[in-house]
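6 protein chains.
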Amino acid sequence: MAFNHRDEHVDDHMLIVQANLDDMNPEWMSYLMDQLFDVGANDVYVVPIIMKRGRPGLMLNVLIDEELIAQVEEIIFRESTTLGIRYLHASCHRLAREFERVDTPWGLLTVKVGYHNGKLVQFAPEFKECEQVAKSHHIPLKMVYEEVRMRFNQQMQKNAQPE
Amino acid sequence: MAFNHRDEHVDDHMLIVQANLDDMNPEWMSYLMDQLFDVGANDVYVVPIIMKRGRPGLMLNVLIDEELIAQVEEIIFRESTTLGIRYLHASCHRLAREFERVDTPWGLLTVKVGYHNGKLVQFAPEFKECEQVAKSHHIPLKMVYEEVRMRFNQQMQKNAQPE
Amino acid sequence: MAFNHRDEHVDDHMLIVQANLDDMNPEWMSYLMDQLFDVGANDVYVVPIIMKRGRPGLMLNVLIDEELIAQVEEIIFRESTTLGIRYLHASCHRLAREFERVDTPWGLLTVKVGYHNGKLVQFAPEFKECEQVAKSHHIPLKMVYEEVRMRFNQQMQKNAQPE
Amino acid sequence: MAFNHRDEHVDDHMLIVQANLDDMNPEWMSYLMDQLFDVGANDVYVVPIIMKRGRPGLMLNVLIDEELIAQVEEIIFRESTTLGIRYLHASCHRLAREFERVDTPWGLLTVKVGYHNGKLVQFAPEFKECEQVAKSHHIPLKMVYEEVRMRFNQQMQKNAQPE
Amino acid sequence: MAFNHRDEHVDDHMLIVQANLDDMNPEWMSYLMDQLFDVGANDVYVVPIIMKRGRPGLMLNVLIDEELIAQVEEIIFRESTTLGIRYLHASCHRLAREFERVDTPWGLLTVKVGYHNGKLVQFAPEFKECEQVAKSHHIPLKMVYEEVRMRFNQQMQKNAQPE
Amino acid sequence: MAFNHRDEHVDDHMLIVQANLDDMNPEWMSYLMDQLFDVGANDVYVVPIIMKRGRPGLMLNVLIDEELIAQVEEIIFRESTTLGIRYLHASCHRLAREFERVDTPWGLLTVKVGYHNGKLVQFAPEFKECEQVAKSHHIPLKMVYEEVRMRFNQQMQKNAQPE
Chain C
1 MAFNHRDEHV DDHMLIVQAN LDDMNPEWMS YLMDQLFDVG ANDVYVVPII MKRGRPGLML
61 NVLIDEELIA QVEEIIFRES TTLGIRYLHA SCHRLAREFE RVDTPWGLLT VKVGYHNGKL
121 VQFAPEFKEC EQVAKSHHIP LKMVYEEVRM RFNQQMQKNA QPE
Chain H
1 MAFNHRDEHV DDHMLIVQAN LDDMNPEWMS YLMDQLFDVG ANDVYVVPII MKRGRPGLML
61 NVLIDEELIA QVEEIIFRES TTLGIRYLHA SCHRLAREFE RVDTPWGLLT VKVGYHNGKL
121 VQFAPEFKEC EQVAKSHHIP LKMVYEEVRM RFNQQMQKNA QPE
Chain A
1 MAFNHRDEHV DDHMLIVQAN LDDMNPEWMS YLMDQLFDVG ANDVYVVPII MKRGRPGLML
61 NVLIDEELIA QVEEIIFRES TTLGIRYLHA SCHRLAREFE RVDTPWGLLT VKVGYHNGKL
121 VQFAPEFKEC EQVAKSHHIP LKMVYEEVRM RFNQQMQKNA QPE
Chain P
1 MAFNHRDEHV DDHMLIVQAN LDDMNPEWMS YLMDQLFDVG ANDVYVVPII MKRGRPGLML
61 NVLIDEELIA QVEEIIFRES TTLGIRYLHA SCHRLAREFE RVDTPWGLLT VKVGYHNGKL
121 VQFAPEFKEC EQVAKSHHIP LKMVYEEVRM RFNQQMQKNA QPE
Chain D
1 MAFNHRDEHV DDHMLIVQAN LDDMNPEWMS YLMDQLFDVG ANDVYVVPII MKRGRPGLML
61 NVLIDEELIA QVEEIIFRES TTLGIRYLHA SCHRLAREFE RVDTPWGLLT VKVGYHNGKL
121 VQFAPEFKEC EQVAKSHHIP LKMVYEEVRM RFNQQMQKNA QPE
Chain E
1 MAFNHRDEHV DDHMLIVQAN LDDMNPEWMS YLMDQLFDVG ANDVYVVPII MKRGRPGLML
61 NVLIDEELIA QVEEIIFRES TTLGIRYLHA SCHRLAREFE RVDTPWGLLT VKVGYHNGKL
121 VQFAPEFKEC EQVAKSHHIP LKMVYEEVRM RFNQQMQKNA QPE
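Residue numbers (the numbering used here), protein chains in the order written: chain C, 1 to 163; chain H, 1 to 163; chain A, 1 to 163; chain P, 1 to 163; chain D, 1 to 163; chain E, 1 to 163.
Hints in this document: simulated from the structure, not taken from any laboratory. Misleading hints may appear alongside valid ones.
Which copy is meant is left open, because identical chains are indistinguishable; a pair holds if it fits in one copy or across any two.
With a Cα cut of at most 30 angstroms, we get these calculated DSSO-like pairs of lysine-lysine [as the list claims (entries may be wrong)]:
| # | residue 1 | residue 2 |
| --- | --- | --- |
| 1 | Lys-135 | Lys-112 |
| 2 | Lys-135 | Lys-52 |
| 3 | Lys-158 | Lys-52 |
| 4 | Lys-135 | Lys-119 |
| 5 | Lys-112 | Lys-128 |
| 6 | Lys-52 | Lys-128 |
| 7 | Lys-52 | Lys-119 |
| 8 | Lys-112 | Lys-52 |
| 9 | Lys-158 | Lys-119 |
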């Protein structure tokens with residue numbers, strides 16, 4: 001049933017790139033984040049902080065492979081207002097991931113599954129698909145999630161049983 | 001020893017004025033806050049929020065007497081980027097306040113005291129004075145506070161004893 | 001199966017009591033919150049804010065019935081460092097609530113259910129019970145929740161079917 | 001040049017609807033916010049808070065006209081996990097707003113303008129349009145804003161001069 | 001009087017383990033934090049962040065000795081919903097710590113003391129003990145702290161004097 | 001016109017020093033931050049966090065050159081309440097910076113300019129100077145910024161043209 005696979009691994013060549021922004025129009029943040037994801041950032045997130053003279057600021061964080069550093073710096077300098085960035089070395093441990101298809105009243109829907117040491121430890125319905133179902137079928141989003149999770153659980157239990 | 005007094009009271013004519021800011025240079029916030037205090041705002045504070053399209057924003061809050069509303073709105077529209085403000089009616093319960101003078105190794109220092117139903121419930125050294133002592137005497141600020149609080153407590157105990 | 005019931009209603013006699021704290025040991029906050037819940041506060045929550053001179057502060061919020069105001073003020077003045085509190089009038093709309101018992105591999109567990117206009121819109125396993133099961137049975141807490149939710153859903157579907 | 005107009009006014013029939021969420025999948029928040037904007041909410045924003053037992057939570061805030069209360073409650077109960085909501089009465093002061101068209105190297109772009117007592121106090125390029133220009137012309141978004149603001153200023157100064 | 005001692009030192013074999021959580025029931029966080037402390041984490045703390053698509057999220061941080069990494073990862077994967085964690089190398093400088101006993105009206109109470117280069121720089125009453133005294137003696141918690149601090153100061157001054 | 005210059009560079013000998021504070025009077029934070037800037041910290045910022053037992057805390061961050069570590073630790077231990085600090089190695093990429101003087105209706109004002117690979121990517125009016133102009137001339141601060149930015153842009157365009 002799986003159509004995608006990626007082994008569990010630790011990547012020791014990651015960087016966390018950070019920039020503190022205290023004089024930027026916050027409206028621009030989503031555009032900046034989009035551009036960073038577009039060049040391959042693994043994650044981008046923003047932390048509300050208090051800066052010099054008690055100024056409310058935002059700390060941009062970008063998790064990337066070392067090889068992306070020049071590209072990412074270029075985007076941050078071009079699209080934000082910062083005069084400097086900093087980066088720290090990090091290691092990323094990523095679970096093996098598969099995408100399972102689950103049969104639901106609204107068709108086949110995807111569940112992202114995570115394995116640690118070969119054992120299923122995470123599963124999560126895909127947000128975009130569930131949102132689409134909720135909208136088009138006028139069902140509360142939380143009920144779509146509930147149903148997909150139940151179906152996935154039942155499918156797992158069935159597969160686990162000896163014939 | 002008291003040189004100032006104000007009775008405990010409830011003021012039912014207060015407003016909380018709010019504006020959500022998602023496209024303003026955060027550098028300007030301190031200037032805006034200063035101006036609001038200058039016209040008599042009782043308090044001004046800022047709350048980090050998440051706005052439309054996931055934008056990081058800041059909610060400005062200004063606590064004022066109803067009579068100040070026009071002045072305060074004028075400042076917010078002039079110094080921020082908002083197209084609208086909102087306000088809510090509130091009541092403020094303020095303790096009776098006195099300023100006591102405490103004898104310390106660095107001279108007389110002020111302690112702000114709060115009374116609820118005639119009973120002392122709060123006391124706090126004045127930040128600005130303690131900061132000044134810490135700087136000029138090269139003493140940790142926390143030790144200045146510690147000493148002022150101890151002296152105030154001893155003074156209170158002495159005053160409470162019958163002669 | 002229900003052992004508790006409370007009708008959906010709107011309560012127009014609620015207050016939100018607020019105090020901005022910028023000079024209090026944050027360690028004391030949990031004790032203050034506990035005391036407020038003990039006298040009957042409906043909710044207590046804390047908002048990180050930026051105050052005068054850029055100081056990081058905490059805004060305490062207490063949601064109470066109007067009748068509790070004197071008691072709650074007394075606690076806040078006694079256990080915090082504030083010289084003033086403010087309050088705003090609010091209305092609370094509360095769902096009808098029932099507690100259902102669900103049969104699980106670890107015994108009967110409670111699910112809190114909420115009804116809006118007679119229709120089930122919320123259900124949530126009780127945290128304390130699930131935590132207890134997770135601890136004593138060495139099962140991930142999220143799996144306990146998953147199981148309780150599945151069992152509750154199945155129970156609901158069975159009850160909904162005609163005999 | 002204006003193609004839209006709305007007078008400055010104060011609306012005294014507004015509500016701030018709030019719900020504290022401590023057991024909801026945060027992924028669902030954007031969907032909930034979209035639905036609230038769709039039925040006519042004036043603003044929707046989220047405040048990170050600390051709740052009972054130190055739980056990290058989110059306070060949903062919805063600014064609406066009183067008439068929307070039933071619709072908004074229905075959405076919150078349907079799409080979030082809360083068992084209760086609260087609301088406070090508020091007044092909104094909204095500036096007169098016009099949309100001006102500004103001639104730029106990338107065609108006519110819109111600037112939203114705000115007037116307080118007949119005087120221009122705010123103007124802001126429309127984010128969506130500027131983002132589109134930045135993307136299609138490969139120009140930093142901040143430079144698009146800069147150019148639009150300059151052009152708007154020059155246009156204003158020209159209009160202000162006697163012929 | 002001291003019954004515990006630990007030398008000031010720098011530990012260069014520490015890790016900060018981080019996971020960004022945007023789809024987890026926040027109710028589970030306290031349970032996760034408890035489990036991490038139970039296996040020996042030096043500190044666990046949570047940072048409110050804004051993630052992809054403007055989602056409100058929580059960044060879990062766990063400060064540990066390198067040797068604990070496998071155990072800590074296992075707990076995070078088991079009890080949270082994340083598909084990946086990251087870690088950074090850090091050095092910890094810890095003060096020499098002693099626990100002093102202070103004679104108070106409510107019995108002997110503990111004060112944690114910190115020494116930097118052999119000089120006392122920190123002291124703090126133990127929260128749990130003070131909370132217990134506040135509860136059982138119906139005294140404001142802040143007054144218990146005040147008294148314990150005063151007594152500790154007086155004890156220190158007495159010990160410092162030559163006989 | 002430039003009166004200051006500093007080449008773009010990467011500094012690999014930086015540290016981020018962190019301390020989690022959950023029992024400190026937040027009033028003292030600004031004093032602590034001032035002292036850290038005084039000894040040469042490149043940046044100091046504060047992150048609101050949730051700590052053990054759900055306590056609201058503050059994470060202090062100090063960005064420094066490695067050589068400052070002893071001095072910075074001494075200040076943190078002296079002026080805060082922490083029993084430990086941690087630090088991480090970081091690299092800082094700083095743009096080439098120049099200070100340009102811009103002719104405005106209120107005299108010459110400074111604009112800080114940043115260059116990446118020899119290309120101007122940032123420019124920002126100096127806050128302190130603009131604030132001073134706004135105060136003494138009774139002009140909205142945002143209009144001072146607007147004017148300085150326009151003048152700077154025009155000056156750049158003029159300089160870019162061949163004679």
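Status of the hints after comparison with the structure:
Taking CA atoms no more than 30 angstroms apart as the test, Lys-135 paired with Lys-112 passes in both settings, with 21 angstroms inside one copy and 27 angstroms between copies. Taking the closest pair of Cα atoms, Lys-135 and Lys-52 come within 30 angstroms of each other only across two copies (19 angstroms); inside a single copy the shortest separation is 45 angstroms, beyond that limit. Taking the shortest Cα distances, Lys-158 and Lys-52 never come within 30 angstroms of each other, neither inside one copy (59 angstroms) nor across copies (35 angstroms). With identical chains, the CA atoms of Lys-135 and Lys-119 are at most 30 angstroms apart between copies only, with a shortest distance of 20 angstroms across copies and 34 angstroms within one.
In this homomeric assembly, Lys-112 and Lys-128 come within 30 angstroms of each other (Cα to Cα) both inside a single copy, at 12 angstroms, and across copies, at 29 angstroms. For the identical chains of this complex, Lys-52 and Lys-128 are inter-copy neighbours only, at 13 angstroms across copies versus 39 angstroms inside a copy, given an alpha-carbon limit of 30 angstroms. Within a single copy, Lys-52 and Lys-119 get their C-alpha atoms only as close as 47 angstroms, which misses the 30 angstroms cut-off; across copies the closest is 28 angstroms, which meets it. When the C-alpha separation of Lys-112 and Lys-52 is checked against a cutoff of 30 angstroms, the pair qualifies only between copies, where the shortest distance is 17 angstroms, while the shortest distance within a copy is 42 angstroms.
For a Cα distance limit of 30 angstroms, the shortest separation of Lys-158 from Lys-119 inside one copy, 17 angstroms, qualifies, whereas the shortest one across copies, 32 angstroms, does not.
The structure shown violates just one earlier hint, number 3.
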